[in-house]
Every structure is written in C-alpha cells, then in structure tokens.
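Asks: Listed below are the residues making up each chain.
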Amino acid sequence: MMIQMNAIDYVNSKYVRELASKKMREDGRDALSYREIRVAKGLIKNAEGSAQVDLGATRVMAGVKMVLESPMEDTPDVGNLIVSAELLPLASPDFESGPPSPESIELARVVDRGIRAAECIDLGSLLVEEGKAWSVYLDLYILNYDGNLFDSGMLAAMSALKDAKVPAYSNGKAVMSERVAPLKLNNVVSSCTFVKIGDTLLLDPTGNEERAADARMTIETDGKVIRAMQKGLSGSFSRQEISDIIGAAFGKHDELKAHIDKG
Amino acid sequence: MASKANKPELIVGGKRLDGRAFDELRPIKIEAGVLKNADGSAYIEQGNNKILAAVYGPKEVFPKHDADPTKAIIRCKYSMAPFSSLEGHGRSGPNRRAIEISKVIREAFENVVLLEEFPNNEIDIFIEILQGDGGTRAAGLTAASVALASAGIPMKDLIYAVSAGKIGEEVVLDFNMIEDNYSDADMPIAIAPRNNEVLLLQMDGSLTKQQFEKAVDLVIGAGKKISAIQKDALREVYAKIERKYENKE
Amino acid sequence: MKSIVVPGEQIPGNVKSGNVYVEEGKAYATVLGLYDEEGKRIITLEGAWNPKMDETVVGIVQEAGRNNSYTIDLSSFRRGVLLLGKFSKAEFKVGDVVEALVDRVNGKKEVILSNPRLLRGGVVIKIKPTKIPRVLGKANTMAKQISELTRCDLVVGSNGIIWVRGENTALAISAILRIESDAHVSGLTEKIKEMLVNNTTKRS
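Protein chains in written order, with our numbering: chain U, 1 to 263; chain E, 1 to 249; chain W, 1 to 204.
For the record, the hints were derived by calculation from the structure and aren't laboratory data.
Be careful, since some hints might not be right.
Unchecked claim - When the alpha-carbon atoms are kept at most 16 Å apart in a straight line, the in silico EDC-like pairs for lysine to aspartate or glutamate are as follows: (1) Lys-244(E) to Glu-180(W); (2) Lys-165(U) to Glu-87(E); (3) Lys-108(W) to Glu-117(E); (4) Lys-240(E) to Glu-110(W); (5) Lys-36(E) to Asp-96(W); (6) Lys-41(U) to Asp-261(U); (7) Lys-14(U) to Asp-96(W); (8) Lys-191(W) to Glu-242(E); (9) Lys-244(E) to Glu-110(W); (10) Lys-126(W) to Asp-9(U); (11) Lys-173(U) to Glu-60(E); (12) Lys-109(W) to Glu-117(E); (13) Lys-224(E) to Asp-23(E); (14) Lys-156(E) to Glu-23(W); (15) Lys-108(W) to Glu-60(E); (16) Lys-240(E) to Asp-182(W); (17) Lys-108(W) to Glu-116(E); (18) Lys-45(U) to Glu-87(E); (19) Lys-231(U) to Asp-214(U); (20) Lys-59(E) to Glu-23(W); (21) Lys-36(E) to Asp-54(U); (22) Lys-108(W) to Asp-68(E); (23) Lys-126(W) to Asp-214(U); (24) Lys-109(W) to Glu-116(E); (25) Lys-59(E) to Glu-96(U).
Fair warning: this is a prediction, and the values are worked out from it, not measured in the lab.
Let the hints inform the model, and build the full structure from the sequences given.
Replies: If you want it as structure tokens, here you go:
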C-alpha cells in the first residue's frame, strides 16, 4: 500500500476529521464563518474588467475580455458568455501542467451556470448591430490554492464583471483602447460552499478540510432565489442538511454581495 | 513584428512616445515571496507588464524515466493569461511561441543553477504573464531569477534579462508593446552580471555589427540597475519583517 | 556583523566552506544567505534540508515493504528509509507519523534512519528547514517555551516537519509559523513569549 496524497496532507486531513467530530476547525473558526475576504478590482488594465480575490490563503484572479463576434445562430439578438478556469501549477504542488483537469472544468461550469441562471449580464445590451455582438470571455486564474475555489472563483468573477467596461465601436470596428460604458449587469449572484466531514457541515473549507471531506455542496443565490447548485465528492447529504445549507447560503448573500459591490 | 503599413512615429523630437531616452528602462518594481504555496516566488512590474514567477523544488522527477542520475533537471513553463493583452482574448494552453520561450529561459537557468547538487530531481519554474506590455520573456526571466533565489536554489549568479533593438537607425533599450510591434530590430538578452556572459539571446529585424555592439552595451549598462532592484527585492523580504518589530517598540 | 548576500555576490573576506563559488581566487555566494563575517560562513536563509548524522527528523510512513522496511516521506527531495528487519518488535502502518534519527545518507541520496518512535494523533506542519534551528532555539529554549505555554507536545524535525499535539495546538502552530517568517530577527525568544502569554491569558 502507498499513500497517494502528499503525506503531510494525509496526516492533516485525519487531524481535521478528528477536530470536525468535536465541532472544531483547524483555524479556530466556527462552522458558519468565512475566512478573511479581500477584493482588489482593476489590476489588469489590458482586460476590460479584472479582480483579485483573497479568501484566506486562496488567491484567484479573474479577467474579463470582450471580443466582437457573430452571435450564436439560435440566439441572434444577444452576446455570449464564455467562462474558463485554470488551476495553475504555480498555485499548488498538486496542480499539474497540461490539458484542463475535470476539476477546473467543473469550477468554470458551476460559476458559469450561476451567472447565466441569475441573468447577471444583460446579454441583449451586448448586441452592437445585426450579426455583431460582444462576447464576454471570463477567465479564472487560480494563483494560490487553500480550498474553496467555488466561492472565491464566484467572488472574483462577479467582481471582475462589476469592474468591466465595454469598448468603443465605430465604423463597424471595435476600438479596444477606448472604453465607453460599464458592462450592464442586472443581478448579483453569490456562492456558498459547504463540506461535510463525518456529520459536521463546514462553510468555506480550507485545503485540509477539502481533502478530508466526504461530500461538498455549493449553493448559488441572488438573495431571493437559488440560481445554481452543485453537489460534489462521493459522500451524501440528507434532505435536512441540504435545507440547512440553503438557509445559510441565503443568510450569507448580503455579506458576499457587499464585497462584490465595493470599490 | 506587425505590418509596417500603419507604422506610427515612435520617436518624436529625440524622445520615445512614453518620454523615455533611448537608453532608459521603464520603471521596474519587484517583490519577492508573494505566493504562499510555492517554494519561491516573485512579482515584477516593468512598465505595464505584470508578471508572476514561481518555483517548486527540488523534488523527485516524475515520470521517473526523465530523471538524470547525475544532476537536477529544470522544467520551465512560460504562459500568457487569456486576459493579458489589450487586443483579443488569448486561448489558454501553450502555443508554439510559449513553448519556444520556455525552452530558451530554461537553458539560461541551466547555466547558473548548481544542478549537480540535486541528482534525480527537478526544479520547476512557472512564469505567468498577467498583463503583457512588450518584453515579457525578459521581465519574466528577471522575476524567475529572484524566485529561484528566494526558494534557496543555489546558483552561480542572479541573472537578468532585458531587450534592446532598433527604431529607425536608433539603438534603443527595453521596448514597450507598441515599440515591440513596429521596431526594426528586437533582441532580448539575458546576462550573468558576475562576468557579463550572455545566457539568452534572440533577435529578429536588421542590425549592423556596430548596432549590435551598441545594443549589448545598453543592456549591460541597464543591467546594473536591474540587478540592484533584484537584490533589493530579496533583502526587502527580511527588512520588512524587521521594520514590523521596530515600529512596535 | 551579519549581512544579507544573494547568489553571485562577491564575498569580501574568505569563507571556510560551503555556499560559495570560487573563481580566479574570488569567492561568490551561491545562495540567499546571511554572511557572518566573524564566523567566516554563509548561513542559508532559504532552501533544501541537508541531513546530518544523529539529527532528529519527523516523517510519515509512505510505503511498507518486506522485512519490516519502510519508505518515510520527509517532505524533502531525499526520501527516508527505515530498515528494521524481521526480528524487530517495532511495526508501523502507512500514514503513521514517526520520529527518528539520521544514520547516514546512502549513494542513492536516501536518508537511512534509525531509532524510530511512533507519534500518535496530533498534527504535523511543514516549515522551511533553514528555520528549524530558530524553532528549537539555544539549548531548545524556544521549543520548550512553546510547549509549556501552549501545553502541547512538540517534536521538531530538522527536515522541517514539526509534530504538535495538545491543548492549544492552533496557538502553538501560529507561534511556529511566526518564527518561520521572522527567523532572522534578533531577540525572537522574548517576542514569541510575549505573543504566547498574551494569547493564553486572553483565552482564560
């Protein structure tokens, strides 16, 4: 037999399991608290919008690029949203170079679904003339990993969209060096991720807590309704547990939205 | 180099568009130890370039058959974030340009890292261009050098790189993006400052032998300043902590 | 006088051995370190662990082989090897945390270990091996102080892994991480003591 995980991670995931059974956490937080959140917008001037989010030691950068393209055939009146995520090898010894991992694709798709379902971007406003619309390319760049990429990724994504400005359009051409108006947003979605370790539920898991987790649940809300959900890992949740998690996610929306709106 | 059809005037009244003299560097800022998980890291701003470099290792080579029993191997990955350019969205994943740049940067570091100290191991260097503004490979190498030192990797020297080239008949240092696009020659060079040996050199365009010599002179002249900024970044990691205590007392 | 040197920097005086590169009679530092003029040496500030005989290490059993032999993850590019033999009473499981002594480094750069002891429960943290002497302190004063004020058992491995178990584990870990980042500051023992005392009195 051989440990597949990094050996230190293996020992520490056992330790956080033991703590979780006593309703404790390695950093002394209570079960329903986030780590410190810091948002910095507009660091990348070449991007139409950008934001860097620190969630504890997790650091995610989001960049928005707008590209003039033909709308999709089945939706000729609106622009597109394309979300991608990269788990960069500089962010963790466990991340490897190469084609996108299933984890990075899941992250991008879950963030995409919430933004799309909550109709955050006014995609109709992106049409500049018949057959031409702005596509919004939203890229999540993971710079340092210590758990909970879903919530930090969503915070970075929404903050970058808030920061984004639409380039000028004249004589049938995009003028990228000139930005005319803020990207029109109609809604703000936030993401709340819990892990289940034994029968303990913990909000905003650290890397050690994610490695120790049996199951993971992400709830994305706009404060009024649920907009997207994703259950992960091989463990299970009871209906009651899911109800409790949804309640907590609604309770956290204003706090998260304040970080997105600020600055 | 872009098409010369719409070439803008890059030198007006003896000065460059951003007001610099021909032999003047853009402002450079380097911070060491910026990423928690990496064994060493550095962030550089050079003009509007914003670049992260990180180092992991030495660590066991995987897959094992790539290992060299006599010395460590270096792996280097240079890549540009999809949002790093003003024009367009870059596709992710390495393209031919990125693969070539990664290779020449790796070869420069193979010259100075004391590889024999770590047989069967690898040292990984990652360079991420968050915002690109011309001369990213040179600035990335300068940052990676600081990242390697901050990881405690033994090296013969703290190397740096910067580009020089030609606008019209003028030999000019450290192109920004627009100069890079329309210059008449571009030549990134990496130097080991201890003995001024050349560790990386690429060039395209047109240069006379005299212009080449002039360009190398500009690089080595600017190198003193770049080296000093690199050293200061490494010392600042420790000085910052000392100040924290001084302020308290 | 101690000053920070970087790779390639010429050392004004001479250096007894290690961490220098000599060319044409001049010595240049090869690492980021503190140049100690009196001791004529360069103390590395960052970098990999260099095992020495009889040092204590902390590792994790990664693989169990035949005849009571084990591969130990030391969180280093050098792997640890424990060869106990058929007749040894000690036995370990994969994932166990063990404390052991360095016996030697073999030709394959493996660290051969001896005198293993199982460390039950607790948590391990990994810090830069170059900072371990500071965590121990002169005559182990620093480690003892952390242990007493947090009521934790500590085993400090020279390879950079520290095992912690006890009452106020989180405080012990934050003290250790503080020593790691502030290792080059003088009078650190008193400063850490202050931090530990302030935090323990706040809690009770």
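Asks: Verify the proposed pairing of Lys-109(W) with Glu-116(E), using a straight-line Cα cut of 16 Å.
Replies: 12 Å, holds
Asks: Need the status of pair Lys-41(U), Asp-261(U): alpha-carbon distance at most 16 Å?
Replies: 10 Å, holds
Asks: Is Lys-244(E) within 16 Å of Glu-180(W), Cα to Cα?
Replies: Within the cut-off at roughly 15 Å; holds.
Asks: Against the 16 Å threshold, does the CA-CA distance of Lys-59(E) and Glu-96(U) hold or violate the hint?
Replies: 14 Å, holds
Asks: Can you confirm whether the C-alpha distance between Lys-108(W) and Glu-117(E) stays at or below 16 Å?
Replies: 13 Å, holds
Asks: Compare the distance between the alpha carbons of Lys-126(W) and Asp-9(U) with 16 Å, and conclude whether the hinted pair is satisfied.
Replies: 10 Å, holds
Asks: Holds or violated: Lys-173(U) with Glu-60(E), Cα cutoff 16 Å?
Replies: 52 Å, violated
Asks: Assess, step by step, whether the Cα of Lys-244(E) is no farther than 16 Å from the Cα of Glu-110(W), and give holds or violated.
Replies: 40 Å, violated
Asks: Given the hinted pair Lys-59(E) and Glu-23(W), is their Cα-Cα distance within 16 Å?
Replies: 29 Å, violated
Asks: Compare the distance between the alpha carbons of Lys-240(E) and Asp-182(W) with 16 Å, and conclude whether the hinted pair is satisfied.
Replies: Given that 16 Å is the threshold and the Cα spacing comes to 10 Å, the pair holds.
Asks: Quickly compare the C-alpha distance for Lys-36(E) and Asp-96(W) to 16 Å and report which way the hint goes.
Replies: 27 Å, violated
Asks: Starting from Lys-36(E), check that the Cα of Asp-54(U) is at most 16 Å away, please.
Replies: Distance of about 12 Å is within 16 Å: holds.
Consistency with the previously given hints fails for numbers 4, 5, 9, 11, 20 and 23, ordered from lowest to highest.
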